[in-house]
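Undergrad: Listed in order, the protein sequences are those of chains A and Y. Note that the first sequence covers residues 2 to 492 in the working numbering. Note that the second sequence covers residues 2 to 492 in the working numbering.
If you're looking for bench data, these hints aren't it; they were derived computationally from the structure. All values derive from a computational prediction rather than experimental measurement. Just to be clear, a hint being listed does not mean it is correct.
With a Cα cut of at most 20 angstroms, we get these calculated EDC-like pairs of lysine to aspartate or glutamate [as the list claims (entries may be wrong)]:
(1) Y:LYS264 to A:GLU152
(2) A:LYS122 to A:GLU44
(3) Y:LYS88 to A:GLU467
(4) Y:LYS264 to A:GLU327
(5) A:LYS472 to Y:ASP202
(6) A:LYS394 to A:ASP359
(7) Y:LYS264 to A:GLU44
(8) A:LYS264 to Y:ASP202
(9) Y:LYS264 to A:GLU431
(10) Y:LYS264 to A:GLU154
(11) A:LYS353 to Y:ASP360
There are 2 protein chains.
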Amino acid sequence: MGRPDKPGDDDLIWSRNRAAAGVSSPAMSETIARDPLAEALTEALGPAAVFTGEAAIEKAQGAWMRLGSPVAVVYPRSTDEVSAVLKIAQRLRAPVTPWGGKTGLAGGAEADGAIALSLEKMNAIEEIDTASATMTVQAGCILQVACEAAEAEGLLLPLDLGARGSATIGGNISTNAGGNRVVRYGMMRDMVLGLEAVLADGTIVSSMNRLMKNNTGYDLKQLFIGSEGTLGIVTRAVLRLRSAPVSQNTAFVATDSFEAIPKLLRMLERGLGGGLSAFEVMWPDFYNLVTTPPAQGAPPLPRGYPYYVLVEQLGGDEAADAATFERVLGRALEDGLVVDAVIAKSQAERGKMWALRDDVGQVNRNGPCVTFDVSLRIADMPGYVAEVDAKLKARWPKVDNYVFGHLGDGNLHLLVWTGEKGPENKKAVEEIVYGPLAAIGGSVSAEHGIGLHKKAYLPVSRNAGEIALMKTLKQALDPNGILNPGKIFDA
Amino acid sequence: MGRPDKPGDDDLIWSRNRAAAGVSSPAMSETIARDPLAEALTEALGPAAVFTGEAAIEKAQGAWMRLGSPVAVVYPRSTDEVSAVLKIAQRLRAPVTPWGGKTGLAGGAEADGAIALSLEKMNAIEEIDTASATMTVQAGCILQVACEAAEAEGLLLPLDLGARGSATIGGNISTNAGGNRVVRYGMMRDMVLGLEAVLADGTIVSSMNRLMKNNTGYDLKQLFIGSEGTLGIVTRAVLRLRSAPVSQNTAFVATDSFEAIPKLLRMLERGLGGGLSAFEVMWPDFYNLVTTPPAQGAPPLPRGYPYYVLVEQLGGDEAADAATFERVLGRALEDGLVVDAVIAKSQAERGKMWALRDDVGQVNRNGPCVTFDVSLRIADMPGYVAEVDAKLKARWPKVDNYVFGHLGDGNLHLLVWTGEKGPENKKAVEEIVYGPLAAIGGSVSAEHGIGLHKKAYLPVSRNAGEIALMKTLKQALDPNGILNPGKIFDA
C-alpha cells in the first residue's frame, strides 16, 4: 500500500520560521503563574501524570519537529481527568494544546507556553460491534492498533496514511486525516459516527452515536472533526468499519494528455463498479526521479510519457476482479485513454509499484524541498501546474518542481527545490504555489490542516465571511480562547 | 427502484395534535405588525413575489399537510433577495421558515405566524463539472431535475427517495435526506461539498467548496446540513456526483434467523466488493401484507420464513456482475445464511420486487397507521421489535405492527395500526415505540428529521449536554431566534 509523503526538512525550515509563522511569544509562559497551575494539575491527576519545567520541554520533542516549550505536559487517564484539566486551565486562563501522536504536519500540536494535554494514556479499544460494523475507541489509540483490531474481526478501518504507527484516532479526527484511500472511503470525517469531547469549560459532551443514520438535531461531532483542537478535546469516538477487501489489483498506466486523466478516472470508477481505491498521478519529473539511481526503483513503463497513473482496485473476489480489472484497462487502451499499461502479477510487483509512489524522500536528494498539499479541480490542474512551473523557473531557473498526488481526490503534492534555504525561500515559494489557488477555488491544505504553518494562507482558501463565521463558533465555544490558541486563525 | 414509505393519514393525526406538538400559538402572528412587514417585503422583492393574507394561507397547502398560516409567503429570485428578506425579518423580529418542496415528513416547513421563504424560484442548475464530477445548483432545484441532469452527463446524483419529484436540493440538505441507497452512497450530507447560506442577520456566507478534500479550518457547511433551517437558509450548493452504474442485480432472499441477517450483510458487502446498494429487510407481517390481495404483489418466495431481504447490487459490467451476484448468493445458500432465494432475471421482475417494498400504502388497509422512522444497532433489533410488539399487544390485542426498513443502515420503519385514532392513540403508540430506544442508543429519527412532530422525543436520542450545545450554536448564530423557531427544540 502507498504511503503519503514524509516531511522533508520542513521542520528545519519551520523552526527557523517560528516567529514569522505566528508562534505565541515565549513571554506568554511567564504570564501563567507556574506554581498554582502545577499544583492544581498535580492534585487533579497525581504527580506521575504531570510534567513541568525541563521535563515538560523534553516531552515536547515530536517525531520531526519540536513542539515548543509547554508549561506543563499532562497525561489524563479518563475523560473526567481531561475535564478536570480543562476546568483548571479555564480558571487560570491557561492555554491547552491537545497531543495525539505528535506527527501532524501543520504544527497543530505546537504547545509553546501551553499545557500540553496528551491523550496517550487513553488508548483503549472499548468495543468492536461486528454486527453493526462499528468500533468504540479512546482518542489516544494508535491508528495502526485500531486498524489491526478491525482486521482481526474481518473488518476494515480504511484510513491509511504514513504515520499510522504513531498517529492517534483523536489526532486523525482533529485533523480530518486523509491518505491513500479517500477516493473510495472518504476522509476521517466519513468514518466517525459519534464522539465524546470536552469543551473549554470542562463540560463533557457525549455524542457517541453508533448509528449510520441519526437525524435528531445538529450533527455536533462535525464541530470537532478537523477543527484541530480549537473547539474541544476529543476523548472517545465511535468509528464506522467496512468489510475487509478480499482482492487487490494494481497497475501502472501512462496517458499522453492530461485531458485523458479525468476520463480515465471516470471510466475506472464506472467499470470497476465501486472498487477503485487509488488513483495516484505522477508528473514525469517525479516519475523520472523515483526510477533513476540512486533511487532503487526500476521504471515499470518507459520514460517519456507525459503522465503516469498508479491505479488500484479493492474487491470481493480474486479471479473475477482480476478479470474485470484487466478488461477495463484493456478498454482504456483501445479507447486511447491509456497509451501504455502494466498490471502487477504478484504481491511483490504490487509492492514495487507502491514503493515508487512512496519514495518521496528522493526529492531531498539535492537538499530540502518546500512541500505542499494543495487541492483543486481536476480541470484546473494542467493550467495551475504550468503557471506555478513558469513562475518558479522565472525566479530560479534550475528549480525542480516534483508533482504527484491523490488525483482522484483533487489533491496534488508539490515538492519544490530551489537550491536556496531558509524562511525567505520558503515564503517566496509559498507565494508562488498558493497564489493562483484563490482565483480557482483551490485549497492550501487538502489533508494536513492549517495548524500554525499555513495560518497566513487561510484567506487564500476561505473568504472573509467564512473566517468570520469560524470566529463566531470559536467565540461561542471557547470565549476565553484557551483551546489550542493561535491555530487555524487568531481568534 | 424502491420508494420510501409515503405518509399515511399522519397529516390528519398531526393537524389534530398541533397544540400538543408545540406549534407556535396563532397569537404570534398578531404580534407582528403586518403592514410594515408586507410593505418592506414588497419593496425588496416586488409585488409579484410577496403574498399575504388569504393568498399566503392558500400557498401553505403542502402535499400532505397544511403548513400553518404564514403571515407572508415570499419567492426571492436570488441570494441577495433572500438576504434582503432576512434583514427585514431581523429588524422586525419576524420568524422565517424556509420552504423547499413542502413534502418533508416532520413538520419542519410549518410556518404558522412566520414569513414562509420559498426557494422555488431559485432552481437553476448552474454548472456540471464532468471532470471533477460536481454539480453547482440553486437550493430550489427539484431533486429529480438534478438527478436527470447528472444522468445526462453519465453521472449519478445518488440520493433516491420517494418525494424526488417535489423535494428540493435545499430541503434535502436541510433535512439531511436519506433514502434507498444510503448503504452504498451515504446520506445527503455525504453528497454536499460546499454550500452558500444566508444567516439570520442577512449575512451571506459563501462556502461553495468544490473540492473532495479541503482541510482549511472549520467545515462550516455541516452547520446547515440537517439543521432544518434553524441556523441559516441554504441558497446554493456544490454536490458531489458519482459515476453512473452500468449494471443492476436484484434478489429476494429469506433467512431463518435474525442472527443470519448481519452475517449476510457483511458477506454481501465483502463479496460484492463495494457494489451492494440496497439491503431492505421485511418482517413476515409486512411481507404477507404486500403479497396478499387486495395487494397486487405475488410472493417471490413462499410465505412462512421469519425474515425476507431485498438485495441489490449496482456495478460496472453486466455479465461479470451478474455472475458475481449469483456466486455470492450461492455461497450464502451453501453457508445457510440464506434458506431460499430468487434473482430477478429481467427489469420487469426487478420492478416487481421493488414494488413489494414500495407498496407501503397497504398498511392503511384497515385505517391509518402511526408511522415511525427509527434507527438502532442491528444487534439490538430483534429484542427491540419483540419488546415493542409485546407492549403493543398488551394494550391492543389486535394490533398490527408492520416492520421493514433499510437494515443495512440500521434504519427500521414501524407502521402501527391499533384500530384507534387521534392524538391520544398516536402518543400512546409513540411512547411504546420510542421508549426502549433511549436505553439502547437508538434514534427517533433516522432520516426524516425532528421538525415539529418529534420535538417532544428529542431527549430520547440526544442527551442534555448535546441539547445544551445545540442551543449554544443556535444562540451564537441566531440570537433573536427568527430562523424557523420552534423546530427541533425550543431555543
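Undergrad: Could you run down the list of hints and mark each one as holding or not?
TA: Here is how each hint holds up against the structure:
no.: 1; hint: Y:LYS264 to A:GLU152; verdict: 16 angstroms, holds
no.: 2; hint: A:LYS122 to A:GLU44; verdict: 18 angstroms, holds
no.: 3; hint: Y:LYS88 to A:GLU467; verdict: 19 angstroms, holds
no.: 4; hint: Y:LYS264 to A:GLU327; verdict: 31 angstroms, violated
no.: 5; hint: A:LYS472 to Y:ASP202; verdict: 16 angstroms, holds
no.: 6; hint: A:LYS394 to A:ASP359; verdict: 26 angstroms, violated
no.: 7; hint: Y:LYS264 to A:GLU44; verdict: 49 angstroms, violated
no.: 8; hint: A:LYS264 to Y:ASP202; verdict: 44 angstroms, violated
no.: 9; hint: Y:LYS264 to A:GLU431; verdict: 51 angstroms, violated
no.: 10; hint: Y:LYS264 to A:GLU154; verdict: 12 angstroms, holds
no.: 11; hint: A:LYS353 to Y:ASP360; verdict: 54 angstroms, violated
Hints 4, 6, 7, 8, 9, 11 from the list above are not met by this structure, while the remaining hints are.
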